[in-house]
Amino acid sequence: MDLNYSAEELAFREEVREFLREELPTDLSDAVREGRSIGKEGHERWHSILNARGWLAPNWPRAYGGCAWNAVQRHIFEEECCRAHAPRIVPFGLTMLGPVLQKFGSDAQRDYFLPRILSGEHWWCQGYSEPGAGSDLASLRTRAVRDGDHYVINGQKTWTTLGQYANWIFCLVRTDPDAKQQEGISFLLIDMDTPGIEVRPIILLDGTHEVNEVWFTDVRVPVENLVGEENQGWTYAKYLLTHERTNIAGVGFSQAGLDAVKRLARQQMHRGRPLAENPHFAARLAQVEIDLMAMATTNLRIISAAAAGQAPGVESSMLKVKGTEIRQEINDLARRAAGAYAMPFASEALEGDNSNLAQPEGTAAVSAQYFNNRKLSIFGGSNEIQKNIIAKVKLGGRT
Amino acid sequence: MDLNYSAEELAFREEVREFLREELPTDLSDAVREGRSIGKEGHERWHSILNARGWLAPNWPRAYGGCAWNAVQRHIFEEECCRAHAPRIVPFGLTMLGPVLQKFGSDAQRDYFLPRILSGEHWWCQGYSEPGAGSDLASLRTRAVRDGDHYVINGQKTWTTLGQYANWIFCLVRTDPDAKQQEGISFLLIDMDTPGIEVRPIILLDGTHEVNEVWFTDVRVPVENLVGEENQGWTYAKYLLTHERTNIAGVGFSQAGLDAVKRLARQQMHRGRPLAENPHFAARLAQVEIDLMAMATTNLRIISAAAAGQAPGVESSMLKVKGTEIRQEINDLARRAAGAYAMPFASEALEGDNSNLAQPEGTAAVSAQYFNNRKLSIFGGSNEIQKNIIAKVKLGGRT
Amino acid sequence: MNFQLSEERQMMQDSLRRFLADRYSAAQRDESVSNAIGFAPQIWAQLADLGILGALLPEDVGGYGGKGFDLSTVFEELGRAGVVEPVLDTAVLCGTLLASDPQGKGAALIEGLIAGNVQLAFAHGEVNSRYERLWVETRASAYGDDIVLIGRKSVVVNAAGADHLIVSARESGDTDDREGLSLFLVDTKAEGLQMRSSALMAGGCAAEIDFDNLRIPSSARIGPAGGASEMIEAALAAAEVALAAETLGAMETATQLTMDYLGTRQQFGRPIGSFQALQHRVADMLIELEQARSAVINAAGHLEEQPAVRDRHIAAARNLIARAGRKIAEEAIQLHGGIAMTAEYELAHFAKRIILAEHRFGDADTQLERFIDLSAA
Amino acid sequence: MNFQLSEERQMMQDSLRRFLADRYSAAQRDESVSNAIGFAPQIWAQLADLGILGALLPEDVGGYGGKGFDLSTVFEELGRAGVVEPVLDTAVLCGTLLASDPQGKGAALIEGLIAGNVQLAFAHGEVNSRYERLWVETRASAYGDDIVLIGRKSVVVNAAGADHLIVSARESGDTDDREGLSLFLVDTKAEGLQMRSSALMAGGCAAEIDFDNLRIPSSARIGPAGGASEMIEAALAAAEVALAAETLGAMETATQLTMDYLGTRQQFGRPIGSFQALQHRVADMLIELEQARSAVINAAGHLEEQPAVRDRHIAAARNLIARAGRKIAEEAIQLHGGIAMTAEYELAHFAKRIILAEHRFGDADTQLERFIDLSAA
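Residue numbers (my numbering), protein chains in the order written: chain A, 28 to 426; chain B, 28 to 426; chain C, 233 to 609; chain D, 233 to 609.
It should be emphasised that the hints constitute simulated quantities derived from the structure, not laboratory data.
Quick reminder that beta carbons are idealized off the backbone N, C-alpha and C, glycines included.
A few of these clues could be false.
[Claimed, not checked] Below 27 angstroms or equal to it, Euclidean Cα-Cα: the simulated DSSO-like pairs (lysine-lysine) are:
#1 Lys559/C x Lys559/D
#2 Lys207/A x Lys265/A
#3 Lys421/A x Lys559/D
#4 Lys419/B x Lys419/A
#5 Lys207/B x Lys130/B
#6 Lys130/B x Lys265/B
#7 Lys559/D x Lys289/B
#8 Lys419/A x Lys559/D
#9 Lys559/C x Lys419/B
[Stated by the list, open to error] Pulled from the structure, derived: some chain D residues nowhere near chain C, Cβ distances all over 12 angstroms:
#10 Gln236
#11 Ser247
#12 Asp254
#13 Ala277
#14 Ser373
#15 Ser429
#16 Phe507
#17 Glu537
#18 Tyr577
[Stated by the list, open to error] The following residues of chain C were derived to be distant from chain D, with all beta-carbon distances above 12 angstroms:
#19 Ala277
#20 Leu489
#21 Leu510
Make the full structure from the sequences, and use the hints.
Right, here's the structure in full:
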């Protein structure tokens, strides 16, 4: 038992810190710290900085231009990025599609798509969810009908994150309507410039445009854009979902959020003293910090086991639940700390310019973030689904 | 809208207070306040004092020797009894069986049994639950087979509260083994001196002997002890359960418990100041008091509607859940307040003599009560069953 | 003991509910929200015509209500319909302040208010006041026969649409003294007043307002010089009863939307309301809703009591509703799933009303501290 | 970074687990509990033979362990089996105090302790100390070459079975000063010592002890005169790590019993573990259990750090375990239903161990206050 990083791990951390000190643009880290959107340009700029260093694909093998870091290194990198308020890596091409193509794609697909993910030429988005199939993915209804050497796609996807920036989409489509739920599904790569695709914005309850509906009307996709075998898409989808689960605990986000709440609570005055000294607020803050300290160790335990080659089991479902509860609790504390300043809807603050705002620093985005992050326990496999999984695995033999 | 008692109600309350001031023996109220058992003798003494005043059966019609009080009067009586630390009225004969006999019993049964409930000659206990049929009452298996003008009973009942003091038991027994679950059940009155009945104590986790198993081996019960019709017992059982639900919120118990915690928190010292001044403890206390204030009003709303002739609906399930949560939270606060003095198991204190105990006043029974009252959310229709009922009624048409 | 609404209040409730069901559609609400002043003037006029504004004020100033249960009846309906019009600010907060002026200076304004022709805002909170009721740093200094105001007011709800502000300012004493506070009626177009308005997350508007040597005649003072604390506390008490009831109404709608959704939404081949884990959570929501209803009754029923009793019940109600409201809003979103995250679906609006109500006049912890202080007293 | 037990600790864990599975049946536990001294001497002897007591003490006093992860490994197993024997009091609390005496006065006692021949109790808490670590009113006054003790100690665990007490008393300073505290070794049969012992709710015994001018030689002092605060804090830190781990073990068993029960108990024609509402609650228990496991690792891993860091992590762990423990104990009872209320069913014992652990060395709130204080420092 040793809770400390090894000398090699500490050296790696120092390397990451130095890189972030030197290369992370302050306009981007300011925006992230203040909860503002960095837009398409910001994401692309940060990706290209990472790519220049060779650090854009921590989980890819070296052969494809990745870092081949182990779980502990990836954790250190993510932790330091959060601490430095670096933008998150947009995951659709890098974390989700990349590993699927590496494992199940054809040589041609790998050669064509992987470099373009790294270069930023392709911005991918995800076509999984459908209206009427939220956590119940297997019930999807978007149809792909073979017509010569094309599939013809009709249907609708939803909750497509940052689809407004994307030029490619990977989709689950039903290729065999008679098969049972999870069978008869295929995994297709679709150029979003193809005629018949329409992207419609979904405005979220905090006023942001993060997600979209994507409508397909007689969209023709060449058969060579099928990944793996027809009707085997569910296998690839499950593989993708497993990979999506890295950093599922969100420890770094929570840590950065907690630091922000502490700053705010030291600034906000309550009866002439900093709010941080109020025993009730201090108790709420301490309690979530204690929960986070424990979860960070749970996270490290799983990462350490993963680095030693063990496959994560039901623990990732536990981390998803506890991790989102903690992040949401921190968002709740931030809105409490802001007092009456949680009320204004400073939508301009989210998009960049807050020069004409009269709000104290750090209060402009607290309500929007509180509401926006209610999604954490809904998307990515709702917390109810995670609990079903935990109970099934742990009680499985018995019930 | 008027939250205050009317002049008549205030006058009634004064009458009850005066009675309690004059007639409630201090040895009994001391024992109740300190969480000690008052034993069979104590219960019988208090019942006979109430009976002498004509107040032993608040919910019975006058014709049978009851008070015929309305819901508000009964509430006032219960509230004042709790405040004065009067023993609770043992409910099995008075609250449970009495109304069943009055509505479904024969004239002979009414004439014979009702006066003996009031006089104390009969101490009733309840034979409902069975091992293997906890909240699922309809699956009971104790058999009653007709043999001439007797039923022959074989089977086992459990959780029979104060069965060790009782000389009569009312039982649900299965008279038609082929009928569907709730059908084929009958309601029998059984003299516990009949050969073949054995009462075995169940010791609870706090060391107390409150409940029992009752075993029946070829017990012969005269057919005239059948209540109502054969195989219709479920109807009577449901009627009884509805009546059991008076004072389901336990507002008076919670109020008395909260007062006790406050006393204890003023005595116990923390860093040289009374614990009551510690902001964290004060916050816990205030929160449960706020919850109780609201629940007391919910309770009065329902009582007021009942006094106006409305049947209580799903609200009594809501009161059961919230009421037990509040009482259990108060028990939890009491154990917290006691500090290290919650650890000793002063079982002698529960039975009467605490003269050789070195514990501060009010701390001896806190742990035992905390553990004992975990039963509140299990017995009497578990809180899970109550939530099933609430959801069924409220979502019923939709799912 | 009687928990029935009086016949008059029952009629008012019925007519208001009918009006809002007919006229206050989601489209109307969006129109109200997107207006630069944060509400729709024609809805305001109709509320006045219905007599809703008058029902919130006592008879001696021309109203026909103003009791706790009048406030709770009206605001529960406004909350159920998700109304964003500034009834609380103009009629309850400012109306109560004007009505309590012993000299009756506000009579003409109240008349206009009841008729729907006047909009008001109470400029009271400040950057450092947080939720303290009498923490006022803004100064009012005599300058001959005039008064000069210097200071800044924060998150002044309804300022952008208001004709006048009622401004609290200190004529003497330290920042949090009971004594020394006065109230002044100020035209929002007065010179020396700078206003930066912003939309609110849950609808409506609020502004940061700077008073830079704003000069007003001393006749603009409402109530006793330096003795306005009790007026302020009474107006805040009425506003808190109204806000608690409004939040209760929004909680009812959020719960109802959730139950409707659980009954219709299919997943894994059956309505999601048939899943027991979700059923039990709905049961918990319904239990909390009953608790909130009782808390509002307690607060409304004690509004006419002496201040310590009044404020203790109000603090209790507001603390309970902050907790129950958060639970109901978050559970409603979670039980809906993705659709609840969209601005388009009605639940979003109700969730925001519920959550952000906690940020007016004191959050759960502040209310708990008040309750503890008032219980010890 | 490495979360594997060392080979030695793994072996110790295996052998202890095997021993307890074989010998520490529910019947054995009942026998231990019903003994007047609160434990079974033959079990104690066997624990000593297994080397468990020595594993809790450092090498320089003849043990072969004594690090945080030694404590957590042993106590998690003791907790899993529901052991009531006073390992924490004799070996951890008193063993650590004796081992930290710079003069090595306790060497002979430690030898006997490791061999299983000595029982000890730390007489430290008092009526007014609640959970404060250095709040001592008991006075130690010099009387020639002797020391006279006057005062009362409360809820002294294992006093009835102990050969000696280690008594904290104040030679100078005010009630809660850091300076002035000393420790004294006192024979439990000494004159002037009055002991009233009582069984504990969760097994074991504790006593109220009065020192009525008890006279001991000054050579009975352990550690520096008036300078024992750091020794006391270090021993309490070790004891808290042990207690946290023990509680974790009890939580594991309570959770396991619950899962087993849900799989076998039938109601409404199917195992109750098939009801989704109950499944989700089991999932929550399992999540809390992982949190508790990590909290124990954090506390054990920081036991050798400097006091402020050490105590911050311990306070965090104990706060979390108090909350998670309450949840798991109460949910285990509730999910079982009636059977959990009986003394006969094993769960009752584990629920009591979990809940009453909160009453030693500081409950959830006290630990939270400590964490806040230590985080600010």
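Q. Far enough from chain C: is every CB of that chain over 12 angstroms from the CB of Ser429/D?
A. 39 angstroms, holds
Q: For the pair supplied as a hint, Lys419/A and Lys559/D, confirm whether the alpha-carbon distance does not exceed 27 angstroms.
A: This hinted pair holds, its Cα atoms lying about 21 angstroms apart.
(Q) A cut-off of 12 angstroms on Cβ-Cβ distance, and Leu510/C was said to be off the interface with chain D. Does that hold? (A) About 8 angstroms separates Leu510/C from the closest Cβ of chain D, which leaves it inside 12 angstroms; violated.
Q: Would you assess whether Asp254/D, listed as outside the interface, keeps its beta-carbon beyond 12 angstroms of every beta-carbon in chain C?
A: 40 angstroms, holds
Q. Are the Cα atoms of Lys559/C and Lys559/D separated by 27 angstroms or less?
A. Roughly 19 angstroms separates the two Cα atoms, so the pair holds.
Q. Once the closest CB in chain D is found, is it more than 12 angstroms from Leu489/C?
A. 22 angstroms, holds
Q. Are all C-beta atoms of chain C more than 12 angstroms from that of Gln236/D?
A. The assertion about Gln236/D holds, with a minimum of 36 angstroms to chain C.
Q: Quickly compare the C-alpha distance for Lys559/D and Lys289/B to 27 angstroms and report which way the hint goes.
A: Roughly 24 angstroms between the alpha carbons, so the hint for Lys559/D and Lys289/B holds.
(Q) Would the hint linking Lys207/B and Lys130/B be met if the CA-CA limit is 27 angstroms? (A) 25 angstroms, holds
Q.
Just to be careful, I want the Cα atoms of Lys419/B and Lys419/A compared with a cutoff of 27 angstroms; is the pair within it?
A. 25 angstroms, holds
Q.
Checking a non-interface call: every C-beta of chain C should be farther than 12 angstroms from the C-beta of Glu537/D. Is that right?
A. Answer for Glu537/D: holds, closest chain C Cβ roughly 33 angstroms.
Q) Taking the closest pair, is the beta carbon of Ser373/D still more than 12 angstroms from chain C? A) 40 angstroms, holds
The earlier numbered hints that this structure contradicts are 16 and 21.
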